[in-house]
Amino acid sequence: MNQPASAYFIEDRHDPNETHTLAVLVQNEPGVLARVIGLFSGRGYNIESLTVSETEAQKHLSRITIVTTGTPMVIAQIKNQLDRMIPVYQVVDMTQTKRSIERELAMVKVRGQGEHRVEALRLADAFRARVIDATTESFVFEITGNTDKINQYIDLMRPLGLVEVSRTGVAAIGRGPEGM
Amino acid sequence: MSDKSHDPNQMTGAAMIVRALIDHGVTDIFGYPGGAVLPIYDEIFQQSEVQHILVRHEQGAGHAAEGYARSTGKPGVALVTSGPGATNMVTPLTDALMDSIPLVCISGQVPTHLIGNDAFQECDTVGITRPCTKHNWLVRDVNDLAKVLHEAFYVATSGRPGPVLVDVPKDVQFATGTYHPPRKSDVHRSYAPRVKGDATQIRKAVSLLANAKRPVIYSGGGVINSGSEATHLLRELVEVTGFPITSTLMGLGAYPASGKNWLGMLGMHGTYEANMTMHDCDVMLCVGARFDDRITGRVDAFSPGSKKIHIDIDPSSINKNIRVDVPIIGDCGNVLGDILQVFKAEAKKPDIKSWWQQIAQWRARNSLYYKKSSDVILPQHAIQALFEQTRGKDTYITTEVGQHQMWAAQFYGFEEPHRWMTSGGLGTMGYGLPAAVGVQVAHPDSLVIDIAGDASVQMTMQEMSTAVQYELPIKIFILNNQYMGMVRQWQQLLHGNRLSHSYSEALPDFVKLAEAYGAVGLQVHKPADLDGAIKEMISVKRPVLFDCRVAALENCFPMIPSGKAHNEMLLPEQANDEATAKAFAGGKALV
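Quick mapping for you: the protein sequence lines, in order, are chains R and U.
Under numbering that gives the first Met the number 0, the first residue of the first sequence is numbered 0, with each subsequent residue one higher.
Under numbering that gives the first Met the number 0, the first residue of the second sequence is numbered 0, with each subsequent residue one higher.
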């Protein structure tokens with residue numbers, strides 16, 4: 000058997016990667032986002048999407064929503080690493096709860112004329128995207144939904160004259176009456 | 000207004016810093032002045048409760064504070080200026096983070112209005128030190144300073160200990176504000192380390208231990224960090240269960256090396272019996288250790304048949320490298336106490352006689368064997384001689400990093416915790432000399448010895464000057480083989496004996512160097528002179544550089560080649576060219 004020369008080249012298991020959405024409640028103070036991001040870059044974890052905003056101003060609480068991928072062992076490690084940071088109150092794996100709603104907002108600029116323009120409007124209607132800016136040769140659509148829906152919409156806009164996209168990243172919240 | 004001016008809690012930021020140090024029981028700090036900390040130095044000058052030790056390089060301040068912390072269990076404190084002062088602290092901060100050492104670093108910063116302007120001696124200190132501290136703070140308002148300082152001490156010393164840094168701009172040091180003594184509300188509400196282990200998990204662990212046929216206890220630095228109670232409980236657990244015990248480099252001394260259940264250190268340069276016991280055990284109790292890669296060797300072949308119990312205060316240590324069956328999150332002392340209580344109430348000593356017979360066979364391989372010589376001093380022999388001469392004395396040992404460090408771990412028997420200061424996680428060459436300075440400051444009447452290598456010791460040699468200034472009689476015991484021994488060992492084993500830059504062509508004359516510093520220099524070449532020279536070194540009440548010329552080409556065995564399993568150790572008698580070549584076949588990519 001051809002053994003790797005170093006322990007660092009041995010991967011103990013080849014578990015498939017999973018995508019998880021983590022909700023991280025943090026003290027809103029200078030540098031807290033840098034700490035969280037630094038943890039991901041420093042330890043080689045992935046960030047697929049990151050959303051952050053203050054959610055409770057009087058308590059100085061911010062909520063960071065991170066979509067990340069990794070093996071189950073890595074995901075568990077990410078949660079533990081986040082949880083031990085001093086300004087982190089709570090880390091909830093929204094994917095693991097199986098009771099979460101995820102939404103993303105995108106603004107999509109499409110430029111075109113004639114049939115393309117009509118088709119873009121028709122598709123916007125089907126996806127419940129709203130027109131929030133229009134000129135005689137362009138639209139800006141606002142669309143809300145989960146990541147898949149937005150990806151799909153953007154793909155459809157591509158042949159119709161897609162110019163640019165701005166996305167907020169994923170925000171997530173649990174179903175039912177209970178808070179985090 | 001007039002009331003406020005008489006309020007004893009109204010003071011400058013600089014005064015608050017000194018006051019907070021006093022309130023936290025700090026008696027000694029290590030530092031180096033500079034523009035951005037001058038107000039603090041001015042306060043230090045005007046008081047006598049906190050003694051300041053002037054080092055020769057900020058890195059030395061950091062390692063001295065680490066040595067101080069590890070030998071006392073109290074936090075070490077370093078004070079440095081902005082810019083280069085802070086960047087020079089990066090190595091000790093990282094070192095302390097890797098080895099979980101409580102360290103509080105206070106750094107000066109340029110005035111707040113200059114931050115971001117590329118001012119003289121400005122750097123983004125909190126940015127640079129963010130990944131190498133447990134937490135850090137930039138204080139922009141003098142009225143936040145007391146709270147932050149108190150929290151800094153709490154964070155450094157509670158939970159899994161670690162380094163913290165408080166960056167204080169110069170204008171905040173000058174500004175006047177309100178100080179308050181430490182109080183609970185100083186700490187982030189989000190920070191609450193778990194200390195008590197889960198009762199169900201503890202029962203599971205006891206049931207595994209009670210039914211073990213081939214058990215082993217694998218203890219680490221966490222036991223020592225937890226405090227003397229944890230050490231007592233660990234020893235009691237070994238006594239009550241009769242289990243064999245091994246430990247990591249960081250954990251040496253928690254269980255006495257003279258204890259009958261002691262297997263020696265485990266891991267890459269651990270003993271054969273320790274590693275074989277780990278490999279073949281059926282129940283492993285890991286206490287305050289973290290399954291580091293130098294311990295596990297090949298992860299997928301690590302102790303394949305065992306149920307693993309892991310006690311750790313840091314949840315992120317659980318299942319990081321090795322999957323365990325019974326994780327228990329909590330303080331080692333606390334959890335060991337609970338385990339002992341349940342074990343004594345509900346279980347009896349398992350019969351593991353045949354396991355001990357097996358271990359005896361492994362022990363009989365004598366994996367630390369080396370061939371003594373009457374012509375040259377073998378480094379192993381030098382450590383043994385040092386151990387014999389200092390046995391029973393009030394001795395503290397620090398080390399640098401390399402072969403000498405592993406030989407010290409193998410051949411120096413530690414009977415008590417807090418007596419062994421070494422850079423384990425980061426592997427910082429140059430750690431030992433300044434660490435010895437810190438230890439000696441904390442224990443002025445004890446014998447403090449830095450077991451050093453000729454290469455490592457030159458990295459922080461300037462701290463000899465500190466030792467001389469403060470009359471700290473540290474002993475620097477240099478195993479001088481004129482090589483970076485561990486680098487050379489790997490080049491021999493893995494890189495076709497091409498000794499690329501691992502030989503020091505121009506070593507200083509250590510005896511003359513010692514004299515230049517105002518210290519004492521000793522040199523020994525012959526095995527016959529060794530004991531006498533060590534005696535002389537001990538009897539001199541001044542700092543000593545001891546140049547112990549040892550066999551140049553001796554290598555450190557036994558050894559688990561990186562990427563191999565515990566049962567694939569290379570033993571000293573097998574370490575001929577052919578066996579070595581085979582063991583390391585295709586191993587050039589080793590780390």
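Some hints here could point you the wrong way.
Below, in silico cross-link-like pairs of lysine-lysine (BS3-like), each with a Cα-Cα straight-line distance of 30 Å or less [as the list claims (entries may be wrong)]: (1) U:K348 with U:K259; (2) R:K58 with U:K146; (3) U:K392 with R:K78; (4) U:K183 with U:K195; (5) U:K212 with R:K78; (6) U:K212 with U:K259; (7) U:K195 with U:K212; (8) U:K146 with U:K259; (9) U:K307 with R:K78; (10) U:K352 with U:K212; (11) R:K97 with R:K78; (12) U:K195 with U:K348; (13) U:K146 with U:K203; (14) U:K203 with U:K347; (15) U:K347 with R:K78; (16) R:K58 with R:K97; (17) R:K58 with U:K183; (18) U:K183 with R:K78; (19) U:K259 with U:K183; (20) U:K306 with U:K370; (21) U:K212 with U:K348; (22) U:K525 with U:K370; (23) U:K370 with R:K78; (24) U:K183 with U:K392; (25) U:K195 with R:K58; (26) U:K370 with U:K203; (27) U:K347 with U:K73.
To be clear, the hints were calculated from the coordinates, so they are not data collected in a lab.
For clarity, every value in this text was computed on a predicted model and none was experimentally measured.
Discussion item. When the structure is checked against the list of hints, which entries are broken? Sort them ascending.
Written reply: 3, 5, 8, 13, 15, 19, 20, 23, 24, 26 and 27
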